[in-house]
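Chemist: Chain by chain, the residues run as shown.
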Amino acid sequence: MTVRVEFLGMPRRYAQQDSLDVEAATLGETLTTVAAELPVVAQHCIDGQLMRPGYLAAINCRVFTLNPAQKLTDGDTVQILSSDVGG
Amino acid sequence: MPPHGYHGRYLRVDLSSGDHDAVPIPELVCRQFIGGAGLGTWILSRETDGTYDALAEHAPLVFCFSPLVGSPLTTSAKFSVISKSPLTERLNDSLASSHFAIAGKKTGFDAIAIVGRCAKPSLMVIEPESVRIEPAGALWGKTIPETEIELKRERFRGFRSAVIGPAGERLVHYATISHDGRHAGRGGSGAVMGSKNLKAVCVRGDRVTSFAHPDELIAYSRDLSRKSLGQATAKYRELGTVDNLVTFNRLGTLPTRNFQSGQFEHADRLAPDVLVPEGKRSRTSCAACTIGCEHVFESSDGSKVRMEYENLFSLGPLCGVSDPETVLRASQLCDELGLDTISTGVTIAFAMECSERGLIADRLRFDSGDDLLKTIHAIADRDGIGDLLANGTRCAARQIGQGSDAFAAHVKGLEFPGYEPRALQMMGLGFAVNTRGADHNRSGAYQVDFSDQADRFHACTKDVRLAIQTEDEAAIMDSLILCKFLRGVFEDRMEAMAEMLRLVASFENSATTMTETASHIVTTKKQFNVAQGWLPEEDTLPDRFFDQPLEDGASSGAVMKREQLADLVAEYNRQRGWSPDGYPPRQTQSEQIG
Chain A
1 MTVRVEFLGM PRRYAQQDSL DVEAATLGET LTTVAAELPV VAQHCIDGQL MRPGYLAAIN
61 CRVFTLNPAQ KLTDGDTVQI LSSDVGG
Chain B
1 MPPHGYHGRY LRVDLSSGDH DAVPIPELVC RQFIGGAGLG TWILSRETDG TYDALAEHAP
61 LVFCFSPLVG SPLTTSAKFS VISKSPLTER LNDSLASSHF AIAGKKTGFD AIAIVGRCAK
121 PSLMVIEPES VRIEPAGALW GKTIPETEIE LKRERFRGFR SAVIGPAGER LVHYATISHD
181 GRHAGRGGSG AVMGSKNLKA VCVRGDRVTS FAHPDELIAY SRDLSRKSLG QATAKYRELG
241 TVDNLVTFNR LGTLPTRNFQ SGQFEHADRL APDVLVPEGK RSRTSCAACT IGCEHVFESS
301 DGSKVRMEYE NLFSLGPLCG VSDPETVLRA SQLCDELGLD TISTGVTIAF AMECSERGLI
361 ADRLRFDSGD DLLKTIHAIA DRDGIGDLLA NGTRCAARQI GQGSDAFAAH VKGLEFPGYE
421 PRALQMMGLG FAVNTRGADH NRSGAYQVDF SDQADRFHAC TKDVRLAIQT EDEAAIMDSL
481 ILCKFLRGVF EDRMEAMAEM LRLVASFENS ATTMTETASH IVTTKKQFNV AQGWLPEEDT
541 LPDRFFDQPL EDGASSGAVM KREQLADLVA EYNRQRGWSP DGYPPRQTQS EQIG
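One line per chain: the protein sequences are A and B, in this order.
Heads up: the first sequence begins at 1 in the working numbering, then just goes up one per residue.
Heads up: the second sequence begins at 1 in the working numbering, then just goes up one per residue.
Hints in this document: simulated from the structure, not taken from any laboratory.
There could be a bad hint or two in this list.
Here are the simulated lysine to any residue pairs, SDA-like style, with alpha carbons at most 25 angstroms apart [what the hints assert, rightly or not]: (1) B:K484 <-> B:P24; (2) B:K142 <-> B:P128; (3) B:K227 <-> A:C61; (4) B:K462 <-> A:C61; (5) B:K227 <-> A:A42; (6) B:K484 <-> A:G54; (7) B:K462 <-> B:A566; (8) B:K561 <-> A:G54.
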């Protein structure tokens, strides 16, 4: 299934793009795929199937999660952002 | 001998009589209130007795430093301004940064408490051995940049100054006190200073405090500075808080057109990389800061404007304005006139909605940059509609009536910052219960909403402890007066702050005792408010947030329920150790000390 990964804040700066479409069924798979496609994002934000400290994922802009087993469905969006949103 | 890091006294100046004296600060007070907002609250409570008018002659205005000021700890060059707020009629503490803090503490005092009123517009000049009141002369009426430039000339060489602009002189209830272009912004401390006919406080000195463990402190400070350059602060350094606008818009939490929506259709026009062309943006920092979060934008006429998320949201989407040049100009105007950008934007957005609904005769349109700029001038001049708006949203709603209080975005009179409480519901609780009113710096409960620990659309009582934790951390950070952008650097914030206090003042604390200190400070603030007439019904949100679900964007459908917020507030009060409706115990140690 296809999910769209959106980069917000610092992740967008690292990715140098707004989004990336990937094939994945869980958040962990999504992060692994993003890391393979965009190593610079992995370097700062992703460690294997997990977010690095200071970063967070949201599913469809509504549920914030760090759980790599979080299931995704076709058409979902995943936002990758700094966990210190606000300030 | 005072504890390390302290002078052990504050300066009390009576502008009416010209008298001044040094008031001792007991060591126990230093331990229990630390400095900054905490110590300032103690001084304010000590200097007052019962209800009083925030702009009365005898109303105190307190500048308070901290034991960390003058240390090599990054971001520690800050001062706190504490008074009763003319906007909220409750306690207000606002913070600002830089050399005024260092020079102020070098006068040999941990705080400066000002009461009374000058007969004519004046400056107050403080050095270790003298306090002088001088005529403000032609400075009265000048903008903040004009005043600061004048005060840097020959006569005041070596002094650092905190000044007010025309808005403070005209007692606009959300006027700021500024130093070096930075503002103690919220709550109208500039109006309190203006009511004393005081244009500027100028400080200079050579009195330094000792540190308990200087070698360890230097090593710790080096390590903290190194960490402050890492990933935890990258966002502030690289992008600035202005970048929140894009993220908040995507998440549906960007207050738009007076909180009628959580999404702004033109947000992309105000994205930081669009706001000004490449190369027209620079970065600066406060004294003794390694983060350098301040992003300065150059407008088309060459003016340089400091921009943060809060002025961008309040003078942009909240008023429906999407022209970058207009938002930059509006922000610059507020800085020059000495207006809090949040309260200015929210109050104007409220007036725009009133105008659209036909509740006021004046024509103020959402999306109109001209109306925005014109109204900012009118507020600072107290001219026409500006006079109505100069006392803030709550006062304006009371005068306009016709149900306008339902969409007047304030709590206790303090206008909302750029966080949509229907979609950030723990923040909604933080706004409701905070002693200062709707504020994101004294309660950082949005951190809970933006985490995997709570459901931001359905805040529940089991998560209240997390909101309290952010408030406690803020109470300590604001008393040490450390920059909150350091938060992410620490693995355990309370432990880290306890360690700093040990190195500077030799106070032994654990995370647990620091939390107790925080709770004590928060309770003392609440006691001040109770003494000023606080009532339980103040701890709520405007009707809009209960009655109108968000209709568009990623937070579509979000709404707060009245009974839900009531349960959250009751749980908050329970966990604070207060009565179910929010009254703290009558007698605490702080009162005994006082």
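Chemist: Each hint: holds or not?
Modeler: Structure-based check of all given hints:
Taking the CA atoms of K484 (chain B) and P24 (chain B), the gap is about 30 angstroms. The hint is violated against a cut of 25 angstroms. The hinted pair formed by K142 (chain B) and P128 (chain B) fails the criterion: a straight-line CA distance of about 28 angstroms is larger than 25 angstroms. Our distance criterion of 25 angstroms between C-alpha atoms is broken by K227 (chain B) and C61 (chain A), whose separation comes to about 30 angstroms. Our distance criterion of 25 angstroms between C-alpha atoms is met by K462 (chain B) and C61 (chain A), whose separation comes to about 23 angstroms.
Taking the CA atoms of K227 (chain B) and A42 (chain A), the gap is about 20 angstroms. The hint holds against a cut of 25 angstroms. This hinted pair checks out: K484 (chain B) and G54 (chain A) have alpha carbons roughly 15 angstroms apart, not beyond 25 angstroms. Pair hint K462 (chain B) plus A566 (chain B) holds up; C-alpha atoms about 14 angstroms apart against a cutoff of 25 angstroms. With a C-alpha separation of about 32 angstroms, the suggested pairing of K561 (chain B) with G54 (chain A) is violated against the 25 angstroms cut-off.
In terms of the numbered hints stated before, the structure departs from hints 1, 2, 3 and 8, listed from lowest to highest.
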